[in-house]
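*Asks:* Top line first, the protein sequences correspond to chains A and B. In terms of our numbering, the first sequence opens at residue 57 and continues consecutively. In terms of our numbering, the second sequence opens at residue 915 and continues consecutively.
Incorrect hints may appear among the rest.
The calculated label-pair distances, taken between Cβ atoms and stated as ranges, are [what the hints assert, rightly or not]:
#, chain 1, residue 1, chain 2, residue 2, range
1, A, K142, B, V1187, 42 to 50 Å
2, B, V1075, A, E174, 48 to 56 Å
3, B, V970, A, A127, 47 to 55 Å
4, A, D383, B, I969, 16 to 24 Å
5, B, A1040, A, E397, 47 to 55 Å
6, A, R202, B, M974, 35 to 43 Å
7, A, E388, B, V970, 48 to 56 Å
8, B, I969, A, E397, 22 to 30 Å
9, B, K1243, A, S158, 51 to 59 Å
10, B, E1165, A, S158, 49 to 57 Å
11, B, M974, A, K310, 33 to 41 Å
12, A, E170, B, V1048, 25 to 33 Å
From chain A, some residues computed to sit far from chain B (all C-beta separations above 12 Å) [stated by the list, open to error]:
#, residue
13, V79
14, S114
15, L155
16, T163
17, R188
18, G246
19, D259
20, R264
21, A276
22, G306
23, D429
Quick caveat, the hints were computed from the structure, so don't treat them as lab data. Glycine residues also receive a C-beta, built at the ideal position from the N, C-alpha and C atoms.
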Amino acid sequence: MNKKSLFVAPLMMSLLLTSCGNVIDYKEHLEDYVYAMKYHDDFNVLQLTDIHWNYNSSTVKSKTYLTKLLAEVDKHLKAAQGESAKIDLIEITGDQFMLANSYHVQTFVKFFEEKAKEYGFLYTVIHGNHDRHGLYNPNWLSDQFRHAEHCIYIEPEDNLYGRSNFIINLTSDGEINSPTSWQLVNLDSGASFSETALSPFRDYDYIREDQVDWWLKEHARVGETVPAIAYYHIPQQDNLEAWNKIHNDGATYKHKFFKLEGFADNGNEEYASKFISEGRNHNLKAAFMGHAHNVDWTVDYDGVVLGLGVKTGTELYYAHIEKDSTDPNMVEGLASVGMNENFDLIGASLVTIKNATDFELEHLYYNERTSGDFAKWVKW
Amino acid sequence: MKKLFDKDNFIFFDMNKEQKKQSLITSLFLIIAFVIASFIFLYAFYGFVDCIGSIVSGSMDVAISDLLRNLPLILCSFMSIWVILLLQASFRRVNDEKWFKSLLKNAIALIAFAVTNIIYIIVGLAIGKYTSMVEGSPSRIYPLDAFMYSFIIIALGVFVVLYVKKYHEKLQYLAPKHGEIVTKARGLYCTFVSFWMLFAMFGLSAGLYSIFIYDFMHEHVFFGIAVILVYLLSPFMLAMWEFFYNEIKEEKKKELLLPLSLISLGVSVLFAVLYIVSLSLNKDAPSNAGFGMFPVAFAASVNIATLLMVFTPVIVSIVMTIKGILLRKKTA
């Protein structure tokens, strides 16, 4: 190899490693981000979050838990809404994986595909801060969801921040161009970033300005009066704002459930997202997220319901609720749900879109126990 | 530079044919063992980091349960590192009696670890810790793979014991003779070298993995290349000191340490600067383009692992450079 080749070879390698696809401008391709489902009253959206499969997980045990959980939800829906009721959509709101590998991803997709066939639902996956944090290429991860038959996942090669930014419009007949009754907004709230190259700590990410702009444009396409519900992973600053206003300033927003740790949001005013404040003016009814496993606290913050979903499964960490605890936050949470027993804060969250304007929210606490599983539904 | 590669500087070229053959075979096995150990270490480290995450988040019960489930993988990693020690023992022979004892000791330790692992998995199955021998996660056939790997380790250990015992008297050609580690702070030196070896193992597996799992799209390319170079630097440096510097004759080391250290310092500083510049230009790159190779940093939202990967080779090079300067002054 001569000197010239030695110089050219690394450059050629860099080019080979680089993807040569066309990057689209999101502003000019708004239709590329949209999927449509047929709307009906009592449309059931189940939120699972922070499943966290990792190198230590027993996928067998986790699948057993998820199987029981889905059976419980199905039973509950049929009891409440009639035999034809079912889960219509599952929103898996991030951190499906952390320190996982391709085996975990493929097993995960296979499991949800089987359950989708069994129960007749579609499911969708959005990225949490840990999902890109495994022994696989993030593009390969996206492809697994993109190519799964019952998974709704859209990720154009675009100039919009993040990966899993897409819309599910609930339309009158399931066609994209038909009138939309509700809009479900899926956002990639990112992972983390370094403020400087030598920062000792990483900041949690936030919903960026271009993502807000993108959603406002997508919402304008279906009409400003269409109600919307957003799903993303990392809470924005609004949750803490609402908590502080209630606990420090005596605000009287409706609120419920548990907050046993911080929201783990970015926390820096410089990176405060405008998503909720803009959404408030554009018929955003609710935003549901995950991230902080010991929190499922939900608040109606000036017209937008903000809530963390109940963590699904026992991976990584979760809260043990103790009825005799003196922790004021635990006491407050227990009082809010009207329960007086020990249980683990794991399960799922269910949104039922009742009609053209209203939705209902329930939290399911589901624990496996040798003496018979514990299942408790609590309405918002 | 020409002087650095002079044949007369190296122990290898003074060996007879048989010794050269033994030396090359041992080196080859050492490299293979290092690559295998690097990947198993990365897998075990992944599980371990998740346990740390559980502890930090206040779920000690989850951490203990996970650790117990993952113990066979951790033991496999431990055994793989022990194989390197065993090969090192044959590579760095001080005198025949010490070398013979060291080989036997390491081989017996390996067998003991492997037997423990096998018993642990069988008990785990019996008490329901594993639902089956191929329960899955982290691999499709876990813990069967750990079980089988333990048998391979036992076979290796038994082979070493039998071979060494049988051919003890005739083994005067096995392995080249190298100098003993002589330093005032031997304990500190060995601790640092062990840490440096783990570091290099992680760097090798992470660097090779990154080529396949990093998203080399658009603006992330520069950071991707910089990060791979940073990963691969530490195993490259370890190889340079182990296979190049340690092969230099004792009387020549004093003369050649400084130029070698300066090369090492130059390369490590260059790579560190490349990394910092690439990250400064695209601070979102690590998390968006795949960050699986910085598990500690990502799990705990700190950059410690990242900074360690970048600056440890620089620190090692600085220490060696200072040593090189002092040695020159002494001999001047």
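*Asks:* Would you mind marking each hint as holding or not holding in the structure?
*Replies:* Verification of the supplied hints:
1. Between A:K142 and B:V1187 the beta carbon distance is about 58 Å. The supplied range of 42 to 50 Å is therefore violated.
2. Between B:V1075 and A:E174 the Cβ separation comes to about 55 Å, which falls inside the hinted range of 48 to 56 Å.
3. Checked against the hint of 47 to 55 Å, the C-beta distance between B:V970 and A:A127 comes to roughly 34 Å, which is inconsistent with it.
4. Under the hint 16 to 24 Å, the C-beta atoms of A:D383 and B:I969, about 20 Å apart, fit the expected range.
5. Range check, B:A1040 to A:E397: about 34 Å between beta-carbon atoms, so the 47 to 55 Å window is missed.
6. One distance hint, 35 to 43 Å for the beta-carbon pair A:R202 and B:M974, holds here, with the actual separation near 38 Å.
7. Separation of A:E388 from B:V970 is about 25 Å and departs from the stated range, judged on CB atoms against 48 to 56 Å.
8. Between B:I969 and A:E397 the CB atoms are about 27 Å apart, so this pair conforms to the stated range of 22 to 30 Å.
9. With their beta carbons about 55 Å apart, B:K1243 and A:S158 fall inside the hinted range of 51 to 59 Å.
10. For the pair B:E1165 and A:S158, the beta carbons lie near 52 Å from each other, so the given range of 49 to 57 Å is met.
11. Evaluation of the 33 to 41 Å hint for B:M974 and A:K310 yields a pass: the beta carbon distance comes to about 35 Å.
12. Separated by about 19 Å at the C-beta atoms, A:E170 and B:V1048 break the suggested range of 25 to 33 Å.
13. For A:V79, the shortest C-beta to C-beta distance to chain B comes to about 7 Å, within the 12 Å cut-off, and the non-interface label is violated.
14. Not every C-beta of chain B lies more than 12 Å from that of A:S114, the closest at about 6 Å, which undercuts listing it as non-interface.
15. Not every Cβ of chain B is farther than 12 Å from the Cβ of A:L155; the closest lies at roughly 5 Å, contradicting the non-interface assignment.
16. Not every beta carbon of chain B lies more than 12 Å from that of A:T163, the smallest distance being close to 7 Å; the non-interface claim is violated.
17. Against chain B, the non-interface label of A:R188 is violated: not every CB pair exceeds 12 Å, the least being about 6 Å.
18. A Cβ of chain B approaches the Cβ of A:G246 within 12 Å, the least distance being about 7 Å, so the stated non-interface status is violated.
19. Non-interface status of A:D259 relative to chain B is broken: a Cβ of that chain comes within 12 Å, the nearest being about 8 Å off.
20. The claim that A:R264 lies off the interface is violated: its Cβ sits roughly 10 Å from the closest Cβ of chain B, which falls inside the 12 Å cut-off.
21. Every C-beta of chain B lies more than 12 Å from that of A:A276, the closest at about 27 Å, which supports listing it as non-interface.
22. With a least beta-carbon separation of about 30 Å from chain B, A:G306 lies farther than 12 Å from that chain, consistent with its non-interface assignment.
23. Its beta-carbon lying about 18 Å from the closest one in chain B, A:D429 satisfies the requirement of being farther than 12 Å from that chain.
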